[in-house]
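Enquirer: Listed here are the chains, written in short residue letters.
There are 2 protein chains.
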Amino acid sequence: MAELKDLTKRAENYSQWYNDLVVKADLAEQSAVRGCMVIKPYGYAIWEKMQQQLDKMFKATGAQNAYFPLLIPKSFLSREAEHVEGFAKECAVVTHYRLKTNDTHDGVVVDPEAKLEEELIVRPTSETIIWNTYKNWIQSWRDLPLMCNQWCNVMRWEMRTRPFLRTSEFLWQEGHTAHATREEAEQEAQQMLKVYADFAENYMAVPVVQGVKSETERFAGALDTYTIEAMMQDGKALQSGTSHFLGQNFAKAFDVKFLNKENKEEYVWATSWGVSTRLIGALIMTHSDDNGLVLPPALAPIQVVIVPIAGKPEQKQKVDEAIIPVISKLQSDGYSVKYDDADNKRPGFKFADYELKGVPVRLVIGARDLENGTIEVMRRDTLEKETRPIEGIAEYVETLLADIQKNMLVKAKAWRDAKIHECDNYEEFKEKIKEGGFFLCHWDGTAETEAKIKEETQATIRCVPFGYEQTPGTDMVSGKPSKARVIIARSY
Amino acid sequence: MAELKDLTKRAENYSQWYNDLVVKADLAEQSAVRGCMVIKPYGYAIWEKMQQQLDKMFKATGAQNAYFPLLIPKSFLSREAEHVEGFAKECAVVTHYRLKTNDTHDGVVVDPEAKLEEELIVRPTSETIIWNTYKNWIQSWRDLPLMCNQWCNVMRWEMRTRPFLRTSEFLWQEGHTAHATREEAEQEAQQMLKVYADFAENYMAVPVVQGVKSETERFAGALDTYTIEAMMQDGKALQSGTSHFLGQNFAKAFDVKFLNKENKEEYVWATSWGVSTRLIGALIMTHSDDNGLVLPPALAPIQVVIVPIAGKPEQKQKVDEAIIPVISKLQSDGYSVKYDDADNKRPGFKFADYELKGVPVRLVIGARDLENGTIEVMRRDTLEKETRPIEGIAEYVETLLADIQKNMLVKAKAWRDAKIHECDNYEEFKEKIKEGGFFLCHWDGTAETEAKIKEETQATIRCVPFGYEQTPGTDMVSGKPSKARVIIARSY
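Line order of the protein sequences matches chains H and L.
FYI, the numbering for the first sequence is 4 to 495, going by the working numbering.
FYI, the numbering for the second sequence is 4 to 495, going by the working numbering.
So here's chain H without its partners, still in its complex pose:
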């Protein structure tokens, strides 16, 4: 109960609420290393569920997992001119390979004799080392497409960090594909964006806008960056996954050519795509409330918790007898159930704790329920309680879980859609953006206008959205003609 009382309310301070919740729900905490977090077992269990599902979806598209080195030779980063600008700057640099005991024999110092000839960079992303490898794997059109994914850690030396949203080290997956034609590579990049959107909506219950980034916001080295953008409860955008069409940039930088069916040499076409532990941040900030996490059943480490209320041992035994078949049924149907009959914590403490942890369904059964053949059911998303017959309760809970999953997406979508507005007046925009939300505005396509908006409002162009009927118009800032509306928002 203590934890719950201390949780900051969203309305008071949304940012503090988030930070509090990450710690109090046992998801993650700061480590002794600046900007790096420890992902605690409960937070990691969510990541494992995400990984399992995504991994299946990637493999269904033909991707295979592999593993490439953590450290990248410094010179590799400079091979692709734009890439180096984006990634070589803030990164961890390995310069030595040995420590030695210090003169006072109470510690260790870097051994100056063990200096590397060429410094190594802890990967901020792996295009360079992977394309250097692909050079040896690709000779002919028969070797294409080549589609590898790796689950790994990466490092970007961030100045301001927040758990899951922006940390110096984070976990992610990065897919790197090679294709014989431009069209096929573009299709792959778009297909993977759809996989991410499918995952966000159908597993995370997080509605996303799919679109393409402006040149300014593109991945360093990409010709096109596709993105899924989610809206957090404070109306800010969270870029939740990106898929890049890299053209032949990396193939040219690493000299990766293939013999096509006409026996002519061509450079290979590339994509890369990634999502990270940032998705956990998106999950938290989309659904959770002042009582704690609200997790969608598809990704909840514990889907159903059962708390018995039994004073005397005879009662407990009867409760066990009634509930064990329910647990067995749920587990054999593939659901994750926790029966919390620990007697060193009071039911009230347990209730608050599982609410804080976002367990989708809670069942409570006591002596009176036994007499009546009933059980109390609470759903976390709405906090609604009802009393149901214990007969058939497993089936009821299974239906309820499906309903919660569906309801969470519907609710998040309705909430988000109410905060998406068309806007054609810059003064009005400057007022409204303070309240958050996504703004569909005409843009003249210039970096100047984009920079002006960012400077004056801290908002950025999130993407040119797909699936939105576009008509030409007038840029709200410059008054110049615009081909399409873009989504502008403040973001994480």
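Treat the hints as calculated values from the structure; they're not laboratory data.
Since this is a predicted model, take the numbers as computed values, not measurements.
Misleading hints may appear alongside valid ones.
[To be verified] Simulated coverage check for chain L against chain H, where a stretch passes if three residues somewhere in it have a Cβ under 8 Å from a Cβ of chain H:
hint : stretch
1    : 33-44
2    : 69-79
3    : 85-97
[Claimed, not checked] In the DSS-like style, the derived pairs of lysine-lysine whose C-alpha atoms are separated by at most 30 Å in a straight line are:
hint : chain 1 : residue 1 : chain 2 : residue 2
4    : L       : Lys138    : H       : Lys348
5    : H       : Lys348    : H       : Lys332
6    : H       : Lys138    : L       : Lys341
Don't be surprised by glycine CBs; every beta carbon is placed ideally from N, CA and C.
Place chain L on chain H using the hints.
Expert: Then chain L, alone, in the frame of chain H:
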């Protein structure tokens, strides 16, 4: 066929055979970074199968997964006196956090202004950072036992590397547990050794000797190191997994205390345990032959390959009709099947390739088989071929896979047991050790004798084996009294 012909024979050069096989079977290759390998999709698929099974087994013991930072502050390594000696020496050191464009604007250099106040070490193992974290997680006996595991990459700057067996970066899991009593921690360390031995024997089909290391060979910072030792086909030992009882060393170094049930403060008791991608090396070197890999069905990425031999399209269609129900049956029973009907490779090439890749069962079906209602079955472990009725073939293959799994362990065990000898004469030992094998010898328990054996024979004490009836005797080197026989062998 080309690949197979080029594979060195084991009898010619066992070491070269291994290196060749790793590359030719598409398991791994050297990367551009010294001592670091790229794990290719086929090799990684074996690692994924290992991970899935081990992860289940760990969770069944109550361990949970978590993630701790890659980088460790240099000073942490010096906190535990023995640990620093073992691990602080050869490791990758991060000294800077930024690069900048060089003066000639054609590359990047380390920015001297971005020097870290305290250097960070790429984790060689994570006891220090984890125990620094556990300090905040453990206050009372109620917080114990705490059992976390992490799947991650680690780095040790090795001078001489070999794929899977010894690489500068490798993938592993490291379990770190905290307990209220010495007994419980010792039991945990022993239990995890049993889990590793169970996995090695029942999934990898690799028989192992379980035992405890001598003080010299112990993990740096441990009171006891338990080990599983496998014998490779050249008679050398491969340490395949270790589990350490760490006493209170790390608890004291990081000041991790708890209030016991009597409300008194005590230091926590610790274990750690790990296996790595080295297991893939053990798998290869235990079973494979001059034709390539031999993989146990439990860990084979492809368990059954089906090659149709059909000249004309009508034949191909009939073959498809006959074989698709077999594939469906196998897949729905959870088996991994590949139907290789690619028409740009000849059957002979495919046969050699799947033999090289160690696929346990190969089915071949052609026009004549169709007429006779038969199919050809080959088992990779013995290379035996037989013709079977196609009726009931799926069930037959399932039984065969189980038989192959069993047979591989029996064969490996028989082979190994024939190379385990008692030896009481040092001169005889010096001769025999040249042929490889495990030698059960009396040892006086001194580091001097151990060092002498190592220097004169390159063999080391692998462990004091469990489950071997021990009687006192005389050390074969020093002539001093010995309490027990140890296993001495050359090793990887």
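Enquirer: Indicate, hint by hint, whether the structure satisfies it.
Expert: Here is how each hint holds up against the structure:
| no. | hint | in the structure |
| --- | --- | --- |
| 1 | 33-44 | holds (count 9) |
| 2 | 69-79 | holds (count 11) |
| 3 | 85-97 | holds (count 8) |
| 4 | Lys138(L) / Lys348(H) | 23 Å, holds |
| 5 | Lys348(H) / Lys332(H) | 27 Å, holds |
| 6 | Lys138(H) / Lys341(L) | 27 Å, holds |
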